[in-house]
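We have chain A already, so just place chains B, C, D, E and F on it with the hints.
Residues per chain, in single letters:
There are 6 protein chains.
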Amino acid sequence: MRRTATGPDRERHSSMSTQDPSTQDRLTHIDDAGAARMVDVSDKDVTARTARASGRVLVSPRVVELLRGEGVPKGDALATARIAGIMGAKRTPDLIPLCHPLSVSGVKLDLSVADDAVEIQATVKTTDRTGVEMEALTAVSVAALTVIDMVKAVDKGAVITDVRVEQKTGGKSGDWSRS
Amino acid sequence: MRRTATGPDRERHSSMSTQDPSTQDRLTHIDDAGAARMVDVSDKDVTARTARASGRVLVSPRVVELLRGEGVPKGDALATARIAGIMGAKRTPDLIPLCHPLSVSGVKLDLSVADDAVEIQATVKTTDRTGVEMEALTAVSVAALTVIDMVKAVDKGAVITDVRVEQKTGGKSGDWSRS
Amino acid sequence: MRRTATGPDRERHSSMSTQDPSTQDRLTHIDDAGAARMVDVSDKDVTARTARASGRVLVSPRVVELLRGEGVPKGDALATARIAGIMGAKRTPDLIPLCHPLSVSGVKLDLSVADDAVEIQATVKTTDRTGVEMEALTAVSVAALTVIDMVKAVDKGAVITDVRVEQKTGGKSGDWSRS
Amino acid sequence: MRRTATGPDRERHSSMSTQDPSTQDRLTHIDDAGAARMVDVSDKDVTARTARASGRVLVSPRVVELLRGEGVPKGDALATARIAGIMGAKRTPDLIPLCHPLSVSGVKLDLSVADDAVEIQATVKTTDRTGVEMEALTAVSVAALTVIDMVKAVDKGAVITDVRVEQKTGGKSGDWSRS
Amino acid sequence: MRRTATGPDRERHSSMSTQDPSTQDRLTHIDDAGAARMVDVSDKDVTARTARASGRVLVSPRVVELLRGEGVPKGDALATARIAGIMGAKRTPDLIPLCHPLSVSGVKLDLSVADDAVEIQATVKTTDRTGVEMEALTAVSVAALTVIDMVKAVDKGAVITDVRVEQKTGGKSGDWSRS
Amino acid sequence: MRRTATGPDRERHSSMSTQDPSTQDRLTHIDDAGAARMVDVSDKDVTARTARASGRVLVSPRVVELLRGEGVPKGDALATARIAGIMGAKRTPDLIPLCHPLSVSGVKLDLSVADDAVEIQATVKTTDRTGVEMEALTAVSVAALTVIDMVKAVDKGAVITDVRVEQKTGGKSGDWSRS
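Protein chains in written order, with numbering that gives the first Met the number 0: chain A, 0 to 178; chain B, 0 to 178; chain C, 0 to 178; chain D, 0 to 178; chain E, 0 to 178; chain F, 0 to 178.
So here's chain A without its partners, still in its complex pose (with noise of 0.2 Å):
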């Protein structure tokens, strides 16, 4: 895995390099004297915000066969992984221990069955104080961990890989997308 993940860090430290300088040095969950706690975002402004993230579960021939419906009716197999993905987008601040609680306005979930993979796609919106890239991660995370339930009997091996966001919109930080 090494050489492919210094591919995508190589691209991250391009698209980063003109990102929040005032932020990039420290871990801003994180006080002066080490704890955690939840950062105070009430001067940030309530504005429009969207964030796409997206994922792949790699699974075997023959779930790619099942899931495309091949011989037997694929049936609620992809709307359960859809459905658990925008559910789970709501449950973020439940699950993500420094989040804050967020409106979210919209959510949509794409899910597509690749030759070797499940191709996961979330996009969130919100219009509130913070950004919604961890809703959209925890959507692709929760759908893409509800497809390994699916098929689990008939592919023990499946691999969740690539969870990342691939744009966000809105807010102080502006806009960010991966090239």
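Fair warning: there could be bad hints in the mix.
Identical chains blur together in the list; that is why a pair holds if it fits in one copy or across any two.
Simulated pairs of lysine-lysine, BS3-like, Cα-Cα distance not exceeding 30 Å [to be verified]: (1) K73 x K171; (2) K73 x K43; (3) K171 x K43.
Hints listed in this document are in silico derivations from the structure and should not be mistaken for laboratory results. These numbers were taken from a predicted model, which means no experiment stands behind them.
Chains B, C, D, E and F alone, transformed into the frame defined by chain A:
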């Protein structure tokens, strides 16, 4: 990614080839009409079961420094992810629609900071009618999401990768490990 | 039931006939590809909204006596259902997959014991981008389920019926009431 | 409704007349001082138990067309309600104050579109100290609420009706079915 | 408070002196590397266990009058706290990171209004691998918080005090009571 | 305890005497019929509000040594309680029946180990229609319960005491602090 993906894929099949022939040709969570269901496990035995899952969060060199406490106290950073993962394991049936609620009897999260990633491993135990693979994968995913939340001000491009079951013991399908 | 059902059905149409022509020919929660989504309400106005819903739990004469405290103290029986309903209203987005989380600003539950039923009414208020009809219906349903739980040892056959929105105010589609 | 109500009422009593004489004259969830309590079931046997509940959502003809996919793909509409119902069954002890948490071992939701209604049936299994009637009723209610949420833009007047236990097996009070 | 504190402190030690020598010199929830973990209880016996905890909310004389219903109906005030406490006991593993989920088999909350306080007592039962001390303490704490919420408009200064385990039975460490 | 109790009691009244005369003679959460309700705050202003609460867990000398890391690494002990408290603040409306859901914009937990107790302080901020006193008190209570869970194998007799609001700012009733 395709090449790397093929790697685990191949392993997966060697390791799968002797598993569950009975269930390999259908999605157990979908009935003949295509409807999602929570599979009836009433007749399965209550036995001791364990699962170990792992995953990685690819982060920038600066994040590695911060999480290693170079220059600044790392404080609660990894503890927050560890605790989030343990709590996440308990939330699995709330998040994954068709997962059975079960009485988790032990959860251990190990996080370590490698040169370009945070490595996460979760071990979950139960004595119940179903396995805890999903609980272990959920623990890893929630811990990984929490790591991203902790570092996102410094590194917007962090990526969750290689979330997968490493080993399971107990239950009708017996022991399994990723070869 | 068919005949009775037709009753509300007919009302419903007279009352519907002037509502939302724009949305009457599709399921807004399903996109063109048939995928469930949480509708994007980012552009809707934040306005004061209310909804009132009602429902009934048909119970046996003995249950009516007990809930009226004839012979025995009724104690917390109705209070338990009232509180469960109020808490249920707050859980709506956790339960209904495509509901938007919103900040409920007031909830009132009224329970009364009629000759053959417990009558339940819920009024919910918010100042947000979407209405609270689902919150009011969920409050009524959870209160009704709690009534059944309270009385089931005495009356296994209790029935929840006529759970419906009576009135709503605010929002783009304006005021509506069951004629 | 009164006349129709009397119908189930009468059934109910014939069917009740041979049930639980011991508990017929009090609300078990209320102690002698009138205080709500979670009844102590420590001494009850762990046995296999099932419950089947049903309910209906009365909808307009246009909704029936849409849910049958006439003209447009119905897509995830019924799947969303089915999955919400399954998840709702697992949330029962969170919603109903005096319900015991128990390990649901199987949940099946059946939804079908009749001429003027969506018919819902839930079957829940457990091997535990208490029955799963409340889990089955909660599954039906949450699925029904989800149907209303899906169709409310088209039909504000949908009504949930006839939510009731049809049959239970196992436990001290033995088998019961609505005659 | 020091003096009063010393009181329970002293008791505590007399009562502790014969307990769990094996575990008295470490924090069982922290492993040798200092990491939090959910202790593995797989090998502990499933036995009947009970715990009783108590606590008090110090309130103003006016609040005492109101809660005693002098002049005005006290209505659901204490019932709300009682029900919140029962529900709180069920939420314990969601709230306390390292608590094991367990199947609570009975919960009783007693609230009484003394001259300067609301006295709260919770008794919890289970048949499981771990004790229910935390469930009893959580029930008392949530009931106490609910009392404060009910009275805070009248008395901003209410104080929760003396929340503690009074007695436990069952389990490897056997019976214990505050001497 | 009575004497100590009178202390805060007296303070309380001096500090209360100038507060909210309007609401001092009723329980706002109970309507005229005695029914619990979630008070309608639709007409209250959205303003910046803060609350600070504190509490203490009385523990044995051995626990103090362990939490100070004398001899053994204290590791995640206090971090676990800190994170539990932050997450607890977000769960307040799920736990306290009549609390309004609100968007917490910042939470800080401070824990320190005194000679006979763990001292806990929580500061919560929001910009909403109601105050965050209950969120601050819930954060302190959940952190305190977590401390007890961490130490209970060593000290069964730990006691939570003095959980109370220290200060609030914002809102119609203005600023308040415990004199």
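Structure-based check of each hint:
no.: 1; hint: K73 x K171; result: between (43 Å within a copy, 26 Å between copies)
no.: 2; hint: K73 x K43; result: between (45 Å within a copy, 26 Å between copies)
no.: 3; hint: K171 x K43; result: both (8 Å within a copy, 23 Å between copies)
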